[in-house]
Amino acid sequence: MCAFVFWEGGYQVRELENDPNFNAGRGSVLTSQGTVEMEACIMDGTTMKCGAVSGLSTVVNAISLARLVMEKTPHIYLAFDGAEAFAREQGVETVDPNHFVTPENIERLEQAKEANRVQIDFTQPAKGDIRKENAEANGGDSQIGTVGCVALDSHGNLASATSTGGLVNKMVGRIGDTPVIGAGTYANSYCAVSATGKGEAIIKATVAREVAALMEYKGLSLKEAAAYVIEEKVAKGNAGLVAVSANGEVTMPFNTTGMFRACATEDGHSEISIWN
Amino acid sequence: MGGWAIAVHGGAGIDPSLPLQRQEEACQALLSALHLGISALRSASSAVDVVELVVLESSKGRQKRSSGYWPCNCFRPNCCPCGSNSLDPCLWILWIRFGSVRELELNPLFNSGCGSALTAQGTVEMDASIMDGSTRKCGAVSGLSTVKNPISLARLVMDKSPHAYLAFDGAEAFARQHGAEIVDTSFFIIEENVIRLKQAKEAKSIQFDYRLPSKGWDTCASEAEQMVQMNGVPISLYSPETVGCVVVDALGRCAAATSTGGLINKMCGRIGDSPLIGAGTYACNICAVSATGEGEAIIRATLARDVAALMEFKGISLKEAVDCAIHERLEDGKGGLIAVSNDGHVICGFNTTGMFRALATEDGHMEVGLWD
Chain A
53 MCAFVFWEGG YQVRELENDP NFNAGRGSVL TSQGTVEMEA CIMDGTTMKC GAVSGLSTVV
113 NAISLARLVM EKTPHIYLAF DGAEAFAREQ GVETVDPNHF VTPENIERLE QAKEANRVQI
173 DFTQPAKGDI RKENAEANGG DSQIGTVGCV ALDSHGNLAS ATSTGGLVNK MVGRIGDTPV
233 IGAGTYANSY CAVSATGKGE AIIKATVARE VAALMEYKGL SLKEAAAYVI EEKVAKGNAG
293 LVAVSANGEV TMPFNTTGMF RACATEDGHS EISIWN
Chain B
1488 MGGWAIAVHG GAGIDPSLPL QRQEEACQAL LSALHLGISA LRSASSAVDV VELVVLESSK
1548 GRQKRSSGYW PCNCFRPNCC PCGSNSLDPC LWILWIRFGS VRELELNPLF NSGCGSALTA
1608 QGTVEMDASI MDGSTRKCGA VSGLSTVKNP ISLARLVMDK SPHAYLAFDG AEAFARQHGA
1668 EIVDTSFFII EENVIRLKQA KEAKSIQFDY RLPSKGWDTC ASEAEQMVQM NGVPISLYSP
1728 ETVGCVVVDA LGRCAAATST GGLINKMCGR IGDSPLIGAG TYACNICAVS ATGEGEAIIR
1788 ATLARDVAAL MEFKGISLKE AVDCAIHERL EDGKGGLIAV SNDGHVICGF NTTGMFRALA
1848 TEDGHMEVGL WD
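Chains A and B, in that order, give the protein sequences.
If you count by our numbering, then the first sequence holds residues 53 to 328, one letter each, in order.
If you count by our numbering, then the second sequence holds residues 1488 to 1859, one letter each, in order.
What the hints contain is simulated information worked out from the structure, not anything from laboratory work.
Keep in mind that a hint or two might mislead.
As the list claims (entries may be wrong) - EDC-like mimics (lysine to aspartate or glutamate), calculated; alpha carbons at most 20 Å apart, straight line:
id	chain 1	residue 1	chain 2	residue 2
1	A	K270	B	D1810
2	B	K1691	A	E141
3	A	K288	A	E301
4	B	K1806	B	E1818
5	A	K275	A	E318
6	A	K101	B	D1819
7	B	K1647	B	D1536
8	A	K275	A	D319
9	A	K275	A	E301
10	B	K1688	B	E1678
11	A	K270	A	E283
12	A	K124	A	E141
13	B	K1624	B	E1799
14	B	K1801	A	E284
15	A	K270	B	E1799
16	A	K270	B	E1815
17	B	K1624	B	D1646
18	B	K1691	B	E1679
19	A	K101	B	E1815
20	A	K285	B	E1799
21	B	K1806	B	D1859
22	A	K101	B	E1818
23	B	K1801	B	E1815
24	A	K275	A	E323
25	B	K1801	B	D1830
26	B	K1624	A	E283
27	B	K1801	A	E276
28	A	K124	A	D96
29	B	K1624	B	E1678
30	B	K1624	A	E284
31	B	K1691	A	E123
32	B	K1801	A	E268
33	B	K1688	A	E141
34	A	K270	B	E1807
Start from the sequences, fold in the hints, and give me the full structure.
Below, the structure is given as structure tokens:
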């Protein structure tokens, strides 16, 4: 899994979608049929407006389409053929579906089929990866992941954005937590949250909304709320999140072996890490 | 309190000029669905089985029912032809004649499934979700066009797949793999909705919870000026669409289910709140909630989850949580919900003009209503 917190927000998720090392946009993991079905979501914590898309196979930047749904339609969530049609109406960049498929992900799908499982991103590195031994020693770490970003701007506005290819070997048509407002993505006046991990677990725990609700209804701090959700509400090995609060607090808890993450704040603090 | 409790809804937002006969029909349909659930609860069915059954039956259309009589302890004399004008609870067993031949697509409560709203392209895309509060397992489906019983497919996703949510072609393929009943998509398309779609396009609006039969359009002309806004687009007042059920069973287990055709004239591929866990449907060990109304507003408010979160994190009662969610979290005029708690309480709340609903508890209380 992978997530970033930036002080700027906005275009960061697009950058990561274009990077084949992450499970979003190009580099998305494959369905059981070897196809790509991408989903993304964006939420503005000030207006509570949101946009989400699922089942994309030709749109280069799913997060930008999600933003267009938010800004240019009376709806919040468009999926599959309807979302693709909307993309063409809006003139967003579309390419052949093969653009998104990488050799590493073809291999990951084969591994998953051999093991007969559905994987969070993947649990084994591609063959030939020099970090293979380390990964196995760590119990099969994820090495790429869903991309997410939460941000607090200089006007005090909070926003959250998440983008993913989903789970390796997922059933065609499977939707995960990323585009479900309140599960993988949420923002309001208290905080912005982007979660990642096993979508089904994040959906039933309404992870992103839970963090905000604990702050709002129970008066917990961002760190306390996020830690509680990750430790108590989601089974171990299933989730991580990044979150930022209205007063600039940042937290990045996870109950998996590791999570790619980075954050920075205006006062100059920054960090980038993978493990605990 | 304790004991089982059940509530069923048929949509929020009712045209104040809805003809009385349609109001009565709505009451009868709601009671029918309610009694189905009550029978199942009395047979010790589990909460999740009951919600699926009630929503399933409520979604079937084009069915002819034979004459039947249902007992009703009616606490809402205005909605039943019992003739009582008293505000005191009606203590009389009232037998309601359930019409001998009734096409359920005209019945507001039965308009998910057959009678589903049409997309801008004149197609049908149905959504449903179900959640079992005792395990928090859930199943959801979207974009169905040939599956006869969307709620049962949602249950299959929950029980028989490694996932929680399947949509469009993938969901249709899953349905066929598991032998779900498949029909031609034309089964779900009724003439009344073809007419409504045309009206919606002419009014350039997206309609939710329509109340108005296509023939009676002119009787509501006077209401046309007071258009309710949705997503900045004027909407007319319509007949309900979404069907939902919440149950707490005799063992205190809660479950919720919701099923819909969505909004008339919606964009193809548009998903609303009904299949989104935490928005239109939610259940945990404390309560179960099913919401209805303008999907986008319900999603922004994460309405169903918020009721539970308010109870869990603020320690308030079901009633207080529902009041807060409806009046402080949800944009005005945009929806309603039904909810049960694990100690046998059941409630309905809405900020629209009316909501089709019926409630019952094990101690014999029963009510059916449309208005405040």
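For each hint, the structure was consulted:
no. : hint              : in the structure
1   : A/K270 x B/D1810  : 18 Å, holds
2   : B/K1691 x A/E141  : 19 Å, holds
3   : A/K288 x A/E301   : 25 Å, violated
4   : B/K1806 x B/E1818 : 19 Å, holds
5   : A/K275 x A/E318   : 19 Å, holds
6   : A/K101 x B/D1819  : 16 Å, holds
7   : B/K1647 x B/D1536 : 15 Å, holds
8   : A/K275 x A/D319   : 19 Å, holds
9   : A/K275 x A/E301   : 8 Å, holds
10  : B/K1688 x B/E1678 : 15 Å, holds
11  : A/K270 x A/E283   : 17 Å, holds
12  : A/K124 x A/E141   : 11 Å, holds
13  : B/K1624 x B/E1799 : 19 Å, holds
14  : B/K1801 x A/E284  : 18 Å, holds
15  : A/K270 x B/E1799  : 9 Å, holds
16  : A/K270 x B/E1815  : 17 Å, holds
17  : B/K1624 x B/D1646 : 8 Å, holds
18  : B/K1691 x B/E1679 : 18 Å, holds
19  : A/K101 x B/E1815  : 17 Å, holds
20  : A/K285 x B/E1799  : 13 Å, holds
21  : B/K1806 x B/D1859 : 15 Å, holds
22  : A/K101 x B/E1818  : 13 Å, holds
23  : B/K1801 x B/E1815 : 15 Å, holds
24  : A/K275 x A/E323   : 16 Å, holds
25  : B/K1801 x B/D1830 : 17 Å, holds
26  : B/K1624 x A/E283  : 19 Å, holds
27  : B/K1801 x A/E276  : 16 Å, holds
28  : A/K124 x A/D96    : 14 Å, holds
29  : B/K1624 x B/E1678 : 37 Å, violated
30  : B/K1624 x A/E284  : 17 Å, holds
31  : B/K1691 x A/E123  : 19 Å, holds
32  : B/K1801 x A/E268  : 10 Å, holds
33  : B/K1688 x A/E141  : 19 Å, holds
34  : A/K270 x B/E1807  : 16 Å, holds
The structure fails hints 3 and 29 (numbered hints given earlier, in ascending order).
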